Amino acid sequence: MKSILIFFLHGLTYAGLLFLVSSGLSLVFGMMNVLNFAHATFYMLGAYFSYSLLRTTNNFWLSLVVAPALLFFIGALVERFLLRRVHVLGHVHELLLTFGLAYVFTELVKWVWGTNPLPVPITGFLAQSVNLFGITYPVYRIFVFSTSVLVGILMILILYKTRLGIIIRGAVDDSDMVGALGINVPTLFMAIFGFGAALSGFAGVIAGPLLTTFPGMGDAILVDAFVVIVVGGLGSLGGAVVASLIIGQLQSFGVLLFPKFSLALIYLLMAVVLVVRPSGLFGRQT
Amino acid sequence: MKSAAFRGTFLLALLLFLVPLFLGRFHVNLLTEIIIFALFGVSYNLLLGYGNLLSFGHAMFFGLGAYATAVALNNISGLGFFPAVILGTACATLAGFLVGFLILRQKGASFALLTLAFNALFYAMAIKFTFITRGDDGLSLQRPNINLGFFSLDTSDVVVFYFITLVIVGSVILFSWFFTNTAMGKTIVLMRENEDRMKFLGFSTNITRLSLFTLTGGLAGLAGSFYALFFNFVSVDAISIGMTTTVLLITFVGGSGSFTGPILGAFIYIYLQNFLSDVTDRWQLFMGLVFIFMVLFVPGGFSKLLEEVSLRWRVFREARAKTSTAGG
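Chains as they are written, first to last, in my numbering: chain A, 1401 to 1686; chain B, 2 to 329.
Treat the hints with care, as some may be off.
[Unchecked claim] Here chain B is said to cover these stretches of chain A; the calculated rule only asks that three of the stretch's residues, wherever they fall, bring their Cβ under 8 Å from a Cβ of chain B: (1) 1429-1436; (2) 1481-1491; (3) 1496-1504; (4) 1507-1519; (5) 1624-1631; (6) 1671-1680.
Note that these hints are calculated values from the structure, not bench results. Remember, it's a predicted structure, so these values are computed and weren't measured experimentally. Glycine included, C-beta positions come from ideal geometry on N, C-alpha and C.
Sequences and hints are given; from them, build the entire structure.
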């Protein structure tokens, strides 16, 4: 019973990370119709930036702000100077560009930080454990989950309660019309792409101490984030929440029940969704 | 036009048959690799250039072909060269059919995403099923000799293996070229241009697309099978995202607009890789940068570039001929 609770909490933690990564991916896709294959490398870069910041300043909270800010700029630059250039060439070239960028970023990381996994130590109260319903559970995992919930709530508030949110949701539906109403759509796209990158980098920063930091960490979460998007439906925030929770639990209990085949469960779920409901659980039917 | 293409192919084939006479073992080895990767590139281009299906998972068929050949040679004693190749190709074809059946109902971005996801699944299997694949250590194999009854071919010889590759892989590339000119090849191109119209005309576009995906899976599997035999070794690299990047590079450096593009691309890729890996340990990074450069600035690849240069040259010459006759 206790182990079930522990694995349930582990699943929630991973679901939180998955939500942070996949919601940015989904938002960018919904708006710009670009599936960003480099999205998970922003997550990896976040973890590496945070590692270097921790080595120099030894301040986790600082890296939680600085690393996503750096990634916001990287993301915005990528959109402004690379993605916008290939937009006229069509959809295939946009996907190819992001795919190539993912490859180059990964190689750069291997060059700068090496290929060995780097442990990111945490200190202070985050490193402690608390007593939760009769089990001792690390504070850090609770922190990861509650932070993602907080970010999720913030995103929903911005999207549904502010003027900016109305503009973004409008642009997801019909960006040409939003442009015709006098909104600077190219700048909005740049900002959203940067925001997605920052969100992914933020997830990377908090994932660093939990899972070790290594060059393959991007690929590992990218596939899960893709499955979240397929299951939840492309471009749906609600779908991303539900699918992240499902896949977090599947990952967690999959390891407990079938250690060698935990991956198969996720693909099985994806295959079932694809056959029964190709547009995803919450996706718009096309 | 057609006779020019035939003449060109004939001359190229002749040249390739004569090349071992005046090139050293090193270049013959590189040419063998080029032919193998040319088939890989051609199979990818049938999917992307002809079918307009962007896949980020072509390495799964390549790697599956390589692994199936290596595992079969290691576990079935006395297995011949050709049965091993056929087995590898068949496995990849079957995988192409099954994966295609599952994911071809998706289009565009979500299709690309799913191909990557399935490639990740195959990669994870290659790493986790250590009892078959030996995981990260990789599988080494012994290239079997070919017994033709009255004499046997020593495949461990570089030149002999080159000729085997040239004949078999080369004729499969020719077959692919022939395929693009068949009714089905034309149907695929027309589907790319206007699928709705093809449906109205009564073509079953889903079945055609699945057949194309299965075929390209098989072709990539054959290339992978030869890749395993070429290196006498298979590691998880063969089925990794990196291998997909390789085929993307080959296709885009050469150009996805024509059949010969990926063949030219394979030539450039292998020689560039060889040069860069001598100069720097970070050759993969530079390859990635080359890829981004091509996507940004030369979207048609080198074959398109050559086409444009020759067109400009012809226009220039005609203009000069005109002015000289006008002047004289």
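Each hint tested on the structure:
{"no.": "1", "hint": "1429-1436", "verdict": "holds (count 4)"}
{"no.": "2", "hint": "1481-1491", "verdict": "holds (count 5)"}
{"no.": "3", "hint": "1496-1504", "verdict": "holds (count 7)"}
{"no.": "4", "hint": "1507-1519", "verdict": "holds (count 3)"}
{"no.": "5", "hint": "1624-1631", "verdict": "holds (count 4)"}
{"no.": "6", "hint": "1671-1680", "verdict": "holds (count 4)"}
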